[in-house]
Amino acid sequence: MIVVSPGKSVKLNCTSTATGDPYMYWYRQPMTGGALVSIVRSVGKGSVTELTVTHFKAERNKDKEAEFTLESDEIQAEDAGLYYCAWSTTDV
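Residue 2 in the UniProt record's numbering sits at position 2 of the sequence shown, with consecutive numbering throughout.
It should be emphasised that the hints constitute simulated quantities derived from the structure, not laboratory data.
It is possible that some hints are incorrect.
To be verified - Derived DEER-like restraints, expressed as beta-carbon distance ranges:
id: 1; residue 1: E78; residue 2: G46; range: 25 to 31 Å
id: 2; residue 1: A80; residue 2: L51; range: 29 to 35 Å
id: 3; residue 1: E50; residue 2: E78; range: 16 to 22 Å
id: 4; residue 1: K8; residue 2: V37; range: 32 to 38 Å
id: 5; residue 1: T19; residue 2: A80; range: 33 to 39 Å
id: 6; residue 1: T19; residue 2: S47; range: 25 to 31 Å
id: 7; residue 1: N13; residue 2: D91; range: 19 to 25 Å
id: 8; residue 1: A77; residue 2: K57; range: 15 to 21 Å
id: 9; residue 1: G20; residue 2: A77; range: 26 to 32 Å
id: 10; residue 1: D91; residue 2: S5; range: 18 to 24 Å
Stated by the list, open to error - Straight line, CA to CA, 27 Å or less: simulated DSSO-like cross-link-like pairs of lysine-lysine:
id: 11; residue 1: K45; residue 2: K57
id: 12; residue 1: K11; residue 2: K45
id: 13; residue 1: K45; residue 2: K62
id: 14; residue 1: K11; residue 2: K57
id: 15; residue 1: K64; residue 2: K45
id: 16; residue 1: K64; residue 2: K11
id: 17; residue 1: K11; residue 2: K62
id: 18; residue 1: K8; residue 2: K57
As the structure is a computational prediction, the values presented were derived from the model and not from experiment.
Even for Gly, the Cβ is constructed at its ideal location relative to N, Cα and C.
The task is simple: from the sequences and hints, build the whole structure.
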């Protein structure tokens, strides 16, 4: 568990155990529960598409295809939740 006060920065790292160059995703589940909200996806190393939260940035390492980071320089109270990184060998 990571606790970050509003206005502070945070960086989340994800490493996949998949072989090859998997599709990778970041999701957030609100603290109140409910459905996962898609934040960003990557369709291959070095690519990031569909970033849905503008004060976040994501990076997919070009040299290490299974690493995907999500970060914000200024976290907001509404960002509270459980964050999930997922991967797949096919796009979902």
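Evaluated hints:
For the pair E78 and G46, the beta carbons lie near 30 Å from each other, so the given range of 25 to 31 Å is met. Our hint of 29 to 35 Å for A80 and L51 is violated, since their Cβ atoms are close to 19 Å apart. Under the hint 16 to 22 Å, the C-beta atoms of E50 and E78, about 19 Å apart, fit the expected range. Checked against the hint of 32 to 38 Å, the C-beta distance between K8 and V37 comes to roughly 21 Å, which is inconsistent with it.
Between T19 and A80, the C-beta spacing of about 35 Å keeps the proposed range 33 to 39 Å intact. For T19 paired with S47, a C-beta distance near 18 Å fails the hint of 25 to 31 Å. At roughly 22 Å, the beta-carbon separation of N13 and D91 lies within the given 19 to 25 Å, and the hint holds. Checked against the hint of 15 to 21 Å, the pair A77 and K57 passes, with Cβ atoms roughly 19 Å apart.
Separated by about 39 Å at the C-beta atoms, G20 and A77 break the suggested range of 26 to 32 Å. Between D91 and S5 the Cβ separation comes to about 36 Å, which falls outside the hinted range of 18 to 24 Å. Pair hint K45 plus K57 holds up; C-alpha atoms about 15 Å apart against a cutoff of 27 Å. A C-alpha spacing of about 19 Å is found between K11 and K45, which places the hinted pair at or below 27 Å, so the restraint holds.
Under the criterion of a C-alpha separation no larger than 27 Å, the hint pairing K45 with K62 is consistent with the structure, at around 5 Å. About 9 Å separates the Cα atoms of K11 and K57, which keeps this hinted pair within 27 Å; it holds. Using a Cα cut-off of 27 Å, the hinted pair K64 and K45 holds, with the two alpha carbons roughly 7 Å apart. For the suggested pair K64 and K11, the alpha carbons sit about 18 Å apart, so the restraint of at most 27 Å is met.
With a C-alpha separation of about 18 Å, the suggested pairing of K11 with K62 holds against the 27 Å cut-off. A distance of roughly 15 Å separates the Cα atoms of K8 and K57; the hinted pair therefore holds under the 27 Å criterion.
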